[in-house]
Amino acid sequence: MLTRKTLIAASVSALLLTACGGGSSSKDNNEVVTPVEETGFTYDAGDMITNLTKEVIVAGYDDLNTKAEAFHQSTLTLLNTPTAENLAAAQTAWQVVRVPWEQGEAHIFGPVDALSIDPHLDTWPLNTNDLQTLLDETTGFTAELVKGFNDDVQGFHTMEFLLFGDGVNDNTKSIDEMTALEREYLVATAEVFQGYTQALYDAWTVTQDATDANSAAYQDLLLTPDNEVYASELGVVEELINGLIGIVDEVGNGKIAEPFGASIDATDTSLVESQYSWNSLADFSNNIRGVQNVYRGEFEINTDETGLIDFVTAADATLASRVDEEIAAAITVIDAIAGDNDMPFRQAINDADARVRIQAAIDALSTLQATLENDVLTLLNDWKLN
Amino acid sequence: MKFTSLGSLALLTLAMSNSSFAVTQDELQAILAEQKQKLIEIEQQLAELKKANAEQKKQAVLTKKAAASHDRAASAEKNWWLKSYGSLLYKSEEIFRNTQDIDPDRRAKTDLERVVVELGHKFDPQWQIELELEYEHGGTGAALEYDGFEEFGEFESEIEAGGEVLVEKLEIKYTVNDDLAVKFGRIFVPVGLGTELHKPGQYFTTERHWSEATMIPQVWHENGINVSGSWNGFNAQALVTTGLNSEYFRSYRWAASGHQKRFEQVNSDDLAFTVRLDYGDLAQGTGVGISYYTGDTSGNRNNDDNIEGDGNLTLIGLHGAWQGYNWQLRGQYLYGELDDAAAITLANKTTPGLQPGNFAQVGSEAESAFFEAAYNSQSLFNLSKPLYLFAAYEYANPLKEVEQGNGSERFDIDEFAFGINYLPTPELVLKAQFAQQQYAQDNLDDTNSFSLSMGYYFSL
Chain X
8 MLTRKTLIAA SVSALLLTAC GGGSSSKDNN EVVTPVEETG FTYDAGDMIT NLTKEVIVAG
68 YDDLNTKAEA FHQSTLTLLN TPTAENLAAA QTAWQVVRVP WEQGEAHIFG PVDALSIDPH
128 LDTWPLNTND LQTLLDETTG FTAELVKGFN DDVQGFHTME FLLFGDGVND NTKSIDEMTA
188 LEREYLVATA EVFQGYTQAL YDAWTVTQDA TDANSAAYQD LLLTPDNEVY ASELGVVEEL
248 INGLIGIVDE VGNGKIAEPF GASIDATDTS LVESQYSWNS LADFSNNIRG VQNVYRGEFE
308 INTDETGLID FVTAADATLA SRVDEEIAAA ITVIDAIAGD NDMPFRQAIN DADARVRIQA
368 AIDALSTLQA TLENDVLTLL NDWKLN
Chain E
65 MKFTSLGSLA LLTLAMSNSS FAVTQDELQA ILAEQKQKLI EIEQQLAELK KANAEQKKQA
125 VLTKKAAASH DRAASAEKNW WLKSYGSLLY KSEEIFRNTQ DIDPDRRAKT DLERVVVELG
185 HKFDPQWQIE LELEYEHGGT GAALEYDGFE EFGEFESEIE AGGEVLVEKL EIKYTVNDDL
245 AVKFGRIFVP VGLGTELHKP GQYFTTERHW SEATMIPQVW HENGINVSGS WNGFNAQALV
305 TTGLNSEYFR SYRWAASGHQ KRFEQVNSDD LAFTVRLDYG DLAQGTGVGI SYYTGDTSGN
365 RNNDDNIEGD GNLTLIGLHG AWQGYNWQLR GQYLYGELDD AAAITLANKT TPGLQPGNFA
425 QVGSEAESAF FEAAYNSQSL FNLSKPLYLF AAYEYANPLK EVEQGNGSER FDIDEFAFGI
485 NYLPTPELVL KAQFAQQQYA QDNLDDTNSF SLSMGYYFSL
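Going down the list, the protein sequences come from chains X and E.
Per my numbering: the first sequence = residues 8 to 393.
Per my numbering: the second sequence = residues 65 to 524.
Just chain E, same shape as in the assembly (with noise of 0.2 Å):
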């Protein structure tokens, strides 16, 4: 076109040329009306040039943003994701120096109770991992190892590993369909609440629940395997893990401090069988559910010749949760029974080298529960934000029965407790409680306690 446009100037300027010679007036201006004609056709062709020209920027403009909106539906379907989670307390509290001590000092404590990073990756949609590493009270590690060549046996210290620097899971899930799933690796064993909801925006006192701590171990990770299948609002759970070593069980912790998580490796010839069903969605506040847990414990003691029984523990859970109009409410109650605890006292108090031996005195029997409601204050108020008003109760016993003697009442407590939780983003949770603890044993006056705790979660 432009070529065409090129010619016709030329053969104008080639007439012009040539007009002071032979060219009539006549022939003139037919030529010059041909050339008028050609000009407008060239101004014609240049506005449709130019047209044609915006056309196809505004084409490459609407590819450009059509591509972002493909990256960004890609990222959302991204096979990998990060999450974390921590919280930090600070409590005023009254505590007692020893068993002896009746008349309580007021003690105040800051603690980093943990920062948890979760990472995960999806190899296909049937196959992913997930690990989380759990930092403890700011991390810093240590952790024990049972000598056998040592004098008679010796429970050493290991400063290097392990300890308040943890990873909590490691696990492989495989999706067989959208009903039925395999997990295993370093799993959370689910019984109670706890280990569901852990999170500092899932439960509302300000610090997590100590009534399952005094019982079970709270965020309870073992190795092992777990088959879940869910069917029309069902859930339910199938684990074959490794189990707790009776060694460490103590008067005031009962089966939890025989988390085997203080030693550098797992003994695992008792294992434990979990069965859990649920019905609903705890996660997302409304369900209730039942767990059963049972395992030996006496096979995975370091020293396993000076105690006969196979002590033998188990846990039966029930717990719930409801969310609606404004309210959250959940719950819990925990029972076991531990088989041989007369025995494992004994053995706890005379196996060389482990220390503390005193608190060796177990239950046979142990149970607690808690119960905690809250009001989402924020339409009452007109506020802008959250602010939740909370009440809850907990209560734990883990010296509920003993086989011998008579268990001490002293860690047999009730509290009740209210407070806030105010929510200034969905992801951050600032709380404020105060508490009343009641001791069975009557020589001990209540003890009061305030608390601020301060929790945030994200994920990437």
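Looking at chain X on its own, in the form it has when it is part of the complex (with noise of 0.2 Å):
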């Protein structure tokens, strides 16, 4: 009896225990899931996506088209009537073009990368030796020829260094200074840009492929996002904010922190991209307005459109509107960097309170990264699609 009463009590105490470790385990099992439901949270991205690929990046992609048919059109003025008023007219178009440009760096995907158009149109830094020799011995210029060369003797920055000289005591030049074979030069390179950008276009919304008639317009890949590259909303949404932590990486780490150096001795004005016009400052600051044109949904003369802003706002509205700010801010230090006196950038890496805001400006770029990746990019794991 004895020995039965305690096999009892040892089966019971097994049982019991095994009881506890199975109620245990589903415990568990539920700490596993509570977070989700905690912070798990649905928003339904089509019109965010329909908005942000229509309003934004291809109405970015075709007002750089246009803009840069207006500059094509003042480099030809340029040509054949050249006049103070004609090139101050070309620097103006070429600075207007600049614009759209380096706003649709927030989203650097797609034809832009896979055409290889972004180092056709803007590689940096300039082979300035190359270009002096050609200027030197070629006799004229076409786009035909040009389109052959080198991406480091075309695109924006050699038309810039063509308009405003080397950059390295002012931004201005006279019409006295620019040859005939300059202007030439200057036209075809214009020339050969605006098919670029045509091409570019014409991908988001025509035929990603131009020998293939029948293939779909890049911008149907992310409007019905269940296709070989975007597989479902979360790749599409995913691919957006990779593409604003890219370009806040490179204005922060790159842009500004290479040619800024680790001390005023440490400066490297070669790297200071669009030196020769003294845009750089303008340069930096569109790069995060085209940040928070992605972000808010919206150019300045829209409104109340959506964007990024109400992905987050669906999972964490003070995250949204934190992130919000941050921009702005990172805005306002960038041009904050120029000071009383219009510094350009090139000088103000050398000069010591210039470089207190500089490093403002790091430091700002740099926490809005942080909380793109820490922050926003991990919301997708929290999303429920529908």
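Calculated directly from the structure, the hints in this document are not laboratory data.
We put the beta carbon where it would ideally sit given N, CA and C, even for glycine.
Please note that the accuracy of each hint is not assured.
Claimed, not checked - Listed next, with one range per pair, are the computed distances between beta-carbon atoms:
1) E:D175 <-> X:Q139: 17 to 27 Å
2) E:N162 <-> X:Q354: 50 to 60 Å
3) E:E228 <-> X:D358: 39 to 49 Å
4) X:E380 <-> E:L176: 28 to 38 Å
5) E:W274 <-> X:T325: 54 to 64 Å
6) E:E465 <-> X:N87: 26 to 36 Å
7) E:W295 <-> X:T146: 48 to 58 Å
8) X:Q354 <-> E:L176: 54 to 64 Å
9) X:T385 <-> E:E328: 30 to 40 Å
10) X:L230 <-> E:A302: 53 to 63 Å
11) E:W274 <-> X:Q139: 23 to 33 Å
12) X:T149 <-> E:L176: 43 to 53 Å
13) E:E228 <-> X:A269: 31 to 41 Å
14) E:P490 <-> X:I271: 50 to 60 Å
Join the two chains into one complex using the hints; note that each chain is given alone, in its own frame.
Below, the structure written as structure tokens:
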């Protein structure tokens, strides 16, 4: 009897232990599920994706192409009538076409990457040596000829150099300093440039493969995300967020920090983008305005459109506001680098007071980048797609 | 014999035991004399036996020695071989960060350039196989694959295959007779001296000749067939091999980067034809020769719809080597022409997914040369090991001519080098070199470099 009681007791204990174990284990499972219930959120991204694709990205490439056409026209005018006014108009047109391009760097995926359009348009640094050799040894330039040149002697910065001079002491160039051959090179480069902006716009809106009329417009891949590039809306949203992270990283850690150097003795002016026109701060600022466009889903003229902010709000309204503020703050501190005397970036890196302001911009971009990487991108884990 | 001796002893004992009975003294003495005679005979037989045994042992030792000697002879005629060579480099040099940079930075680097293992097996007197495995830079791998189904064609990186660990050679050789042989499989393309003299002890500079590598693949291997014949000191080769792919031709490497080793599979729509004629034995140190290569390159593009023209590539190489009186001299000149260079440039800039688009401008003509001379100062300084003092000149211009625009002068470079090679054993070499690079681009100052390297070679 004693033995039997002992056996029963042991069996019961074992059962209880097993039951406890089971209970504890199912509790663990609940704990794994619970956070999803707490932070998981639903959001129908369809309208947001449509708006960002059409009203921000495609509208941006449309704007770029239109302004590239206008710029090409201004260079033709300058070629035929080389006056100070026409040179100034072409310089302004260059700065104008620079805006949608720099803003568009917030979403530098798709055809702009796959068709290598980015390096054709915006290779940096410029090969000034080869550019000068071309001007010294070539008798005439056509678009066909320029198109075959390496990317470091065509695109934005070649046209900038021809229009504004070397940028060392000033960003002005008189019409007398500009040769007829330089104007010819400028026109040919502008024509090639506009060909690429047209190809970029067509790839998004007509057909992504110019040699295959049946291939889909790239925008359709985003608008109906059930294809070989984007399996679902999640893929599109991830691409959009990563686009923002990419440009914030490039501006903070590349465009600003590289020429800035670790100290005032370690600056490198040769690494300053748009150093001939002294347009650098406008470039940086426009890069982050591009981030703002995608985040808010609107150009300045639009209001109350849906953007990534709505996606973030669905998950965490406080975070959504914080990101918006951090973007605005980054733009403000970049604009502030110029100080009271409108100091260009290539001078600012060698100015002790300006360096403090530059460091503030780097810090603001670093904060924004960390937020996008750690707080915004990770929301994708908690997003419950319908 | 033993039996007889024992029998005699028994008789003696018997005789002695009977002596007290009827044996006379004379009889006894006769018996004793007889026994003494027997004993002498036995001793003689014993001595002979010992001598015979010693002779037998000696014979056994000799037989064993003969057998061992026979074994050694057999191993000298073994039907397999294992060879290996490799090199390690330290270099301190001045480098330019980009095409606008005219103020170089000094950078030191080390590179485990390569370790090569070569295995061979002779199936019979006529058929043999050789394979060479190379680990470059320590050996990790990445290869490209062209995916025509992805969007509008995409060059995809594959990490798990190819790249820096590669089979340089997989060659089956059929020896028809002493003067004629056929090789096929993955074989070397013998343009210039690079494929002939590429082991660390076969060049004096710390690195293989960069001038050659600026134009054509260094240690150039393709799949194909090679027929070679020799006659009165002349050696002729004719090859048909897979060709190059112009998709990766670039300003600074010309046709070298068109070597399809970056791809998992070698496009073989365009084949190439090579002939080479040598007199003497370059590998042994003295000889001269000429090589000629021609092949189209457009057909091997993954995306060949966006290009007009065959992209025919023609190369001519002159080379020579001489050794004697403690001197060694080597040199080569390479000249190349590329048809449709402008079309290739444009296609490379605008092929979707093909990166980088920059440096797409490709020369329609390119040339390179090197010359090196070395003197073995061993006897001069009364050294126990060879110590070579050498001087070398190299030159390369991958953009000698372009079809459109101007060729950048940044890649038009001359180099003068001098240094030493010390060989502590014939199969180990330790090198040191100082060199100066001069650029045709006139706003670039000369740069200097210092380098050390070690190399080994052995054959089992």
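Hints versus structure:
1. Look at D175 (chain E) against Q139 (chain X): about 35 Å separates their beta carbons, and that is not inside 17 to 27 Å.
2. A beta carbon spacing of about 22 Å between N162 (chain E) and Q354 (chain X) contradicts the range 50 to 60 Å that was offered as a hint.
3. Roughly 47 Å separates the CB atoms of E228 (chain E) and D358 (chain X), a value that falls within the hinted 39 to 49 Å.
4. The beta-carbon spacing between E380 (chain X) and L176 (chain E), approximately 36 Å, falls within the hinted interval of 28 to 38 Å.
5. Take W274 (chain E) and T325 (chain X): their Cβ atoms lie about 59 Å apart, and the range 54 to 64 Å holds.
6. The hinted range of 26 to 36 Å is satisfied by E465 (chain E) and N87 (chain X), whose Cβ atoms lie roughly 34 Å apart.
7. Our hint of 48 to 58 Å for W295 (chain E) and T146 (chain X) holds, since their Cβ atoms are close to 55 Å apart.
8. The supplied range of 54 to 64 Å is broken by Q354 (chain X) and L176 (chain E), whose beta-carbon atoms lie about 46 Å from each other.
9. In this structure the supplied range 30 to 40 Å holds for T385 (chain X) paired with E328 (chain E), their Cβ-Cβ distance being about 36 Å.
10. The supplied range of 53 to 63 Å is met by L230 (chain X) and A302 (chain E), whose beta-carbon atoms lie about 59 Å from each other.
11. Judged by the Cβ atoms, the range 23 to 33 Å given for W274 (chain E) and Q139 (chain X) holds: they are separated by roughly 27 Å.
12. Take T149 (chain X) and L176 (chain E): their Cβ atoms lie about 49 Å apart, and the range 43 to 53 Å holds.
13. Taken as a hint, the range 31 to 41 Å holds for the pair E228 (chain E) and A269 (chain X), whose Cβ atoms sit roughly 34 Å apart.
14. The hint said 50 to 60 Å for the Cβ distance between P490 (chain E) and I271 (chain X), and at roughly 57 Å that hint holds.
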